[in-house]
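Engineer: Sequence:
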Amino acid sequence: MPGKRLATLSLGLGLLAMMIPTVGAAGAAAAARGPSRDDTRHVGPDYNKGRPLPFRGDVQKTARQAVRRTAARSGAPPVEGDIRTWLALDDAQDAIYLKDYRLRGVGDKIEVWVAQDNDEISTNLNFQPNDCRNGERTRITDAQVDYLIDEFDSNMYPVESQAFSVPPDRNGSNAILPEEVDLPANYYRGQGDNTVVLVDNVRDDNFYDMDNANELTYIAGFFYSLFNELVDRNVMTIDGFDWLHRTGANPPNDPAPGDPCASAPARAFLYEGVFAHEYQHLLEYYEDPDESIWVDEGLSDWAQTITDYVDPSLPITDQDFDSHVQCFLGYLGRETAANPNPRGGGPENSLTAWEDQGSDETLCDYGAVYTMMEYLADHYGSGFMRMLHRDNANGLRSLEKLLENRSAGVTAADTLHRWAAMVALDEVLGEGAALNGGEAADYQTDTLAASINFNTRHSYSKAGAPPNGSDYVRLRNDSGDYLSADAISRVKFNGASKLPSRPVEWKVDRKPPHHEGNPALYSGSGPNLDRAIIQRVRVPNGKPQLTFRTKWNTEELWDFGFVQISTNDGKTYKSLRNKDTTKTADPGTISAVKQNLPGFTGNSKGWKTERFNLAKYAGKKVLLSFRYVTDSVVDGPGWWIDKVKVGRKSVSQGKSLAKWRSMTEVRRIRVSGFTVQLVSYTDAGDEAWIAEIPLGPSFDGSLSGAGLTGAIGGSAETVAAIVTYDEPTEAITPAQYAPYRLKVNGGVLQPGG
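Per this note's numbering: the sequence shown ends with 1155, consecutive numbering throughout.
Mixed in with the good hints, there may be bad ones.
Unchecked claim - Think about it this way: if two alpha-carbon atoms lie no more than 25 Å apart in a straight line, the pair counts; the simulated BS3-like pairs of lysine-lysine are:
1) K1010 <-> K976
2) K1045 <-> K1023
3) K985 <-> K996
4) K1018 <-> K985
Bear in mind the hints are in silico, worked out from the structure with no lab data behind them.
All values derive from a computational prediction rather than experimental measurement.
From just these sequences and the hints, can you work out the full model?
Structural biologist: Rendered as structure tokens:
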């Protein structure tokens, strides 16, 4: 069972000893400031990637109280009204804790447990004492519990079981947590086919933000596989704040402009949609736990459509518009009565590289994958979507495999290009425009009514085209005025054959920890790092050995430091091994780690002298590389290197990076390809065109004369280029955009490249 090994190992290593002090408030830096229309925060398919967090609070005391409370009914399954101790998340403290919940309702496939707890921070579903949000909006009624049960049993469960899969029964008989905290072994026993729903006021930055003064986003719900593994039940957490205004089709609408604490605008089906979304993540955990985030999140957003909680076709003017879709299409920055607090974002977004535009445009990442899933479902059907959910291959490889099985002659790349054009043409074709240059059905999605806001700079603002995403550039003259088809005589494209090199990202640390006064080369710390420093060295015939002083502290088995040699000018690298390196990594770690083992991981516990045998390279010039790779979750302090010697020759004293180069400075990455489509349509909406600029091996191409007229017509007022960087590997990290130059009419350079 996925995750079981990890949870067992982590607890066996003393997870419960990793206590953190209980505190009453936390900083607000981690949560984004959010407008009232979209104030929820996403935390990924599996919170913290399923990895353990330390417990806070007095775990043993809470467990003893739980034992006393259930002594009279020891061994009996819980009944409505019973109180049990379950798990809770303190996201702001990066911790979990034990908390009491009361069983408020049981359905055919669901148990609803609502927080009923009192500690030094808060009570039940309340925020901290004296927070003005406490009261009616932090109470869950019996009717609301019954409603959630009915929605799950009659809608979410049957619909998502058919669309995706059914989770394995888990009845608590193999729970790990009881042994660790001295609860009865059968404490979590229950109906194995029930999903345990924990309704809690999740302690995130918004929770600790008194009176919602900073209007921070909040976690409306999450799936955390660690909870499943600790209690051997299928568990989901849903936030308990303001179900009054955030459930049902027509909740009351009580906005209070200028008063973020009292304001309670209607958010129809918000928690139902969150539940449907997170439930798909729970299902995917069992089917394909290492699925690419873009597929997993896309399927979860699509779950909101098939359960009828979200209508992705609604425009930015409708009170119930979907912020994911509207962000990607470029309309979330447009102020309307339904969107009084606009925010940036747009279609220049990679489908496959998450947060390539940064965390400020995460909503647009969701919109990209959501619209893609709507396209796939519309064109390939529910059976295809079910296989996409269940297939063990990941990302584009999975999409390619499933398309090959259809024997329709359509590739993953074809599908991606059609989707990219679809979001620009869908609405105009749906309103009756005749399409020239392609089959209209290939560029429509019944559930969307999509169009691109070409007026936002977020359709092209970052230099280059995103990997497996597109720049959407409406063609213009040298004054910036848009050009109609009859004013365009030539369109010329030139794409780069290689990605730009990235500079060295290591630093010289003048005051390394426990090494004061002795500078060292330092990798830095952070998520999604792949940083190398490389230098050409000659390995002597006598004493062919690499030595250096070093200290590392990384997330053990997930983040690594690699010592590597290249004998082919950086085309490939081989990691060296010694007594302190390991080939063991967590099965869920990223491919950049798996492909480069062995390496250093965990904590060196101080400075050490490392030695590597270079006898097989004796007498040769090679590239010596120190490469630091991390994933997106826990950030260790990093890796320090000092006093590097090959044989008896000093390579570095840790004082300068002048002789070191980055991996891409040694060998730039080749661009796999570009696809440039032209879309155009009339203001009257009666005619549209789709065409592709043919490109040569060096990614150059142009259209003029009759070829251009056939591509864009002569009457279209809107003419735009969709420039896609084709990157089939999904392996370039961090994501890089591919440069290009797009010109019209003999030399007017267009924005975006």
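Engineer: Look at each hint and say if it fits the structure.
Structural biologist: Do the hints match the structure? See the list:
1. With a CA separation close to 22 Å, the supplied pair K1010 and K976 stays within the 25 Å bound.
2. Taking the CA atoms of K1045 and K1023, the gap is about 20 Å. The hint holds against a cut of 25 Å.
3. Simply put, K985 and K996 have alpha-carbon atoms about 9 Å apart, close enough for the 25 Å limit, and the pair holds.
4. The suggested pairing of K1018 with K985 holds, with an alpha-carbon distance near 20 Å, which does not exceed 25 Å.
Checked against the numbered hints above, the structure violates none of them.
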